[in-house]
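Asker: The chain contents come next:
2 protein chains.
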Amino acid sequence: MDKLSEVITNSSLTTFGGGQSGTWKVISIITIVGQPLELVQRIEIIKTKYLLDKTNYKWFLRGVTSNLRYTTKEENATLDKTPSVLDRPDYKYAALIPIKKSEEWWLLTQDERRKIFEDTSRHISYSSKFLSTIARKLYHSKDIGENFDFLTWFEFAPEHSHQFDELVNYLRNTEEWKYVTREIDIRLVRDDKDK
Amino acid sequence: MDKLSEVITNSSLTTFGGGQSGTWKVISIITIVGQPLELVQRIEIIKTKYLLDKTNYKWFLRGVTSNLRYTTKEENATLDKTPSVLDRPDYKYAALIPIKKSEEWWLLTQDERRKIFEDTSRHISYSSKFLSTIARKLYHSKDIGENFDFLTWFEFAPEHSHQFDELVNYLRNTEEWKYVTREIDIRLVRDDKDK
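Chains as they are written, first to last, in numbering that gives the first Met the number 0: chain A, 0 to 194; chain B, 0 to 194.
Because the hints were derived from the structure by calculation, they are not lab data.
Fair warning: this is a prediction, and the values are worked out from it, not measured in the lab.
Just so it is clear, CB atoms sit at the ideal spot from N, CA and C, and this is done for glycine as well.
Any given hint could turn out to be false.
[Unchecked claim] Partial selection, computed: residues in chain A whose CB lies under 8 angstroms from chain B:
1. Asn66
2. Tyr69
3. Thr70
4. Thr71
5. Asn75
6. His139
7. Asp142
8. Ile143
Between the sequences and the hints, there should be enough to build the whole structure, so can you do that?
Answerer: Printed below as a string of structure tokens:
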């Protein structure tokens, strides 16, 4: 019996494996809203489609990079001035924030979602303040049938942790976040030696 | 070795299997632009994730239904007045049109794509003329790593074939279509008896 579901050949597929191995050591896993995620010691970022041993992991979170969904040309020009650079040696801290939004959100039309996302919640314009200190990468998970809709990965220097807290606290109080039904805040520290 | 790519649990996953079985008998497969698709006699629409026998098929095209990407609230209200009803016994004809757009298209921002899609090409407003005679369903394939970005499935009565031709001919001459790098036009007729 062949599994038709083996369709992900998207080269941008990234898997976050939660378990006991990986470069990123877990500092905390806090459930902001919805069902918790099982606690793990480390997170491994897996770019390949094959794993030699799956038993090392308690869970996997998967996502694909995709085209821009809300950003305008003008906003993108601003964002492009300060590109996100991951893997900077001084950015020793990271955060992985998986998010799921309600059915109600996804039934909104494009202009309604954009209005809430930016006009009301200022998601892009507020976040722009942190471009120079917080690197980020967004992965889409909803259309590949994952439990979360998005995974956002952030990297920053330890001294900018308070800025990161400021950013997530701001977002959690926006109109947009009223549609968030599940959110986990995973904080990590780079620890290459015990990889 | 576990395949991490077995991730599609999305219940909206639909597979079009091209081969020698299925309700829909192929009338023609015409390559509009790009690499052709192997000719087949029939197409089977598979909603489950498992297949008992894969050898019946020459190819599979897969897609997921998703949220609206360009439609505004106002446009959606118009569209909702004439909902697409598939599987109508009098709609004996169908068309499956897989499309791929260029990298250039996907690098455009949301407002740039919307401008080309509707302001310039009138994709929604022109297509609206055919709502009462042509039923349709859009599947997204890009983010699940397929060779095409979209699959659109249409059903209509044989007497409205010329309207369908009018619709696709219009779209193929739009600004939006300049970004289409691969398109196959598959016409079908319902043939339940030889299912």
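Asker: Does each hint fit the structure? Answer for all of them.
Answerer: Here's how the hints hold up against the structure:
Because the closest C-beta pair between Asn66(A) and chain B is about 4 angstroms apart, less than 8 angstroms, the hint holds. A cut of 8 angstroms between beta carbons decides the hint on Tyr69(A): the least distance to chain B is about 6 angstroms, and the hint holds. This hint holds: Thr70(A) has a C-beta 5 angstroms from the nearest C-beta of chain B, less than the 8 angstroms allowed. Annotation: Thr71(A) was flagged as interfacial toward chain B, and the flag holds, the nearest CB pair being 4 angstroms apart, inside 8 angstroms.
With a cut of 8 angstroms, the hint placing Asn75(A) at the interface with chain B holds, because the nearest CB-to-CB distance is about 5 angstroms. The restraint placing His139(A) at the interface with chain B holds, with a minimum CB-CB distance near 6 angstroms, inside the 8 angstroms limit. The restraint placing Asp142(A) at the interface with chain B holds, with a minimum CB-CB distance near 5 angstroms, inside the 8 angstroms limit. Interface restraint check for Ile143(A): the shortest CB-CB distance to chain B comes to about 5 angstroms, inside 8 angstroms, so the restraint holds.
No hint from the list above goes unmet by this structure.
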